[in-house]
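In order, the protein sequences belong to chains A and B. What the first sequence shows, in this note's numbering, is residues 200 to 288, in sequence order. What the second sequence shows, in this note's numbering, is residues 525 to 1034, in sequence order.
Quick caveat, the hints were computed from the structure, so don't treat them as lab data. Misleading hints may appear alongside valid ones.
Lysine to aspartate or glutamate pairs mimicking EDC-like chemistry, simulated, CA-CA at most 20 Å apart [claimed, not checked]: (1) B/Lys529 x A/Asp260; (2) B/Lys841 x B/Glu822; (3) B/Lys535 x A/Asp276.
Derived coverage of chain A by chain B (criterion: at least 3 residues anywhere in the stretch with Cβ under 8 Å from a Cβ of chain B; other residues may be distant) [claimed, not checked]: (4) 217 to 225; (5) 229 to 238; (6) 266 to 280.
Each residue gets a CB set at the ideal place from its N, CA and C atoms; glycine is no exception.
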Amino acid sequence: MSKVYIALQDNDESRYIAEAIEEDNEGCTVIHQPAMIRIEREGKLVINRESVEEKMGRDWDVQELHINLVTIGGNVDESDDYFALEWNQ
Amino acid sequence: MAAKKLSLKDKYRLLTRDLSWEPTYRDKKEIFPLEDFEGIKITDWDKWEDPFRLTMDAYWKYQAEKEKKLYAIFDAFAQNNGHLNISDARYLNAIKVFLTGISPLEYSAAQGFMQTGRQFSGQGARIACQMQAIDELRHAQTQIHAMSHFNKYFDGFNEFMHQHQRVWYLSVPKSFFDDARTAGPFEFMVAISFSFEYVLTNLLFVPFMSGAAYNGDMATVTFGFSAQSDEARHMTLGIEVIKFLLEQHEDNVPIVQKWIDKWFWRGVRMLGIVGWMMDYLLPKKVMSWKEAWEVYYEEAGGALFKDLARYGIRPPKYVEVAELEKEHISHQFAFTLYQYTHAAALHITAPTEEEMNWLSEKYPNTFDKYYRPRWEYLREQEAKGERFYNGGLPQLCQTCQIPMVFTDMNDPTQINYRDTHYDGERFHFCSDGCKDIFNDEPEKYIHAWMPAHQIFMGNCGGADLPSVVENYYNIRMGIDNMDYHGSPDEARWKEWKGLRSVEDKLKEAV
């Protein structure tokens, strides 16, 4: 199984998103690079709106992800409640 | 009672399914005349999906927020003399390559997506092209804005669009996009959205941004990030286009495979320029081209092609050649540009001892064996006051337009020549990949505007190289070109940073 990945700009908002991802995706790897946070995981990675809201302490629209996104690898599935990356292998 | 808020899926459906109509008094084929001729079969445009489900209201909202953040940083950079905080003025040669070679491609991409979007009868595809066209226009504008600050203090930035249309090495990126834009609409999407954006764009933007950050260029790293946040959407469009075409009809599979093969190879050739930028033009180096290739192509591309295997798609043809090239290509590019710095809109130097040591470490199999001795010889010549400039014009590959400088990767002392005969003439190629592309559509490539040929035909401002450089390229001799050592850029930088040597000061005192 290949790895899916997401990279976010390293800033105050992304740090909460990264925390939420870490909690919801067992076994994911978080790599801090200059000005960037890269998170990868075998097969699938999910960002849940509720978890991010819990970390940020405010409402969070899944589409706000666009503001801090750098790059992704994997097939995208997005709804009002989550953003997921997955390989179909 | 307030209306119930629409879900993401409903909003996207209303935008991409509900605003279109079936023509009644005109034949659909007349309205979309280019949809059929490439042989692609679309049975149901309704299957088109944008997984981000972005609608115009959300698009404007988030794009506006990105722009506000970006321009606040441009202002801060200019107000705080950001150009004095870069690692070294030599760094700007990488930025000159970016402005003359890459930013005009963003504009070309905007035009390409406008032209292509018009040709699709499917509404979802038209909207995706519209948003991407606006993104690409934004990238061109923000890049030009960011780099305009350097134009106030350094040479080589003032004629980028003129030079993009004319200068020999800039015909490499220009011809890449011209080739895509003169193809049919589906080939354009496979070329740009899939092969370029999905498979290769990370190689360009991600290490480039890290490089700008390492070299203290806050304006560039910020436009890079801001553009890249759009690229994540473009990449997703790329993979969706491929899946859509492959799921529509099995007859599409071999056509799509041929385009993947072609555009992978075209992209690999063009991105050799990025390898040169990373390995040779950044004074503070981040990652070698070889390392970038391994992370962003071998690992990420490998996962992608495993995913596409279920459709009967295999990894691109000649990927094994590209893998061998990762240890050589940046050095071979660097030699060529070093020899022709008098005909380029930037200043190029031989690597320093410290830089060569870095290259030895990053390229243990090849640098000391093949490339270090050549640089050492060139540095000796330079020390004797005989800095080498090549007075001839290079033979160019008819497909990628790069001078024929690449070697057989198994024998790096032997130039890799390929040729073919067509319509009574002989055409030359740098590789089997480029030769195959020509042979598949010779009538297209025999019309290519080849910079070296055009000079010999007398179409470029004069009979000798200085006339071409000054009159046709608008490169100012001794100001915009030649070695960095002795350039006005170097002199100004040293003056501002208080780096003048005792020797220089004594000379001025006399």
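Earlier hints that do not hold, by number: Of the numbered hints, just 4 does not hold.
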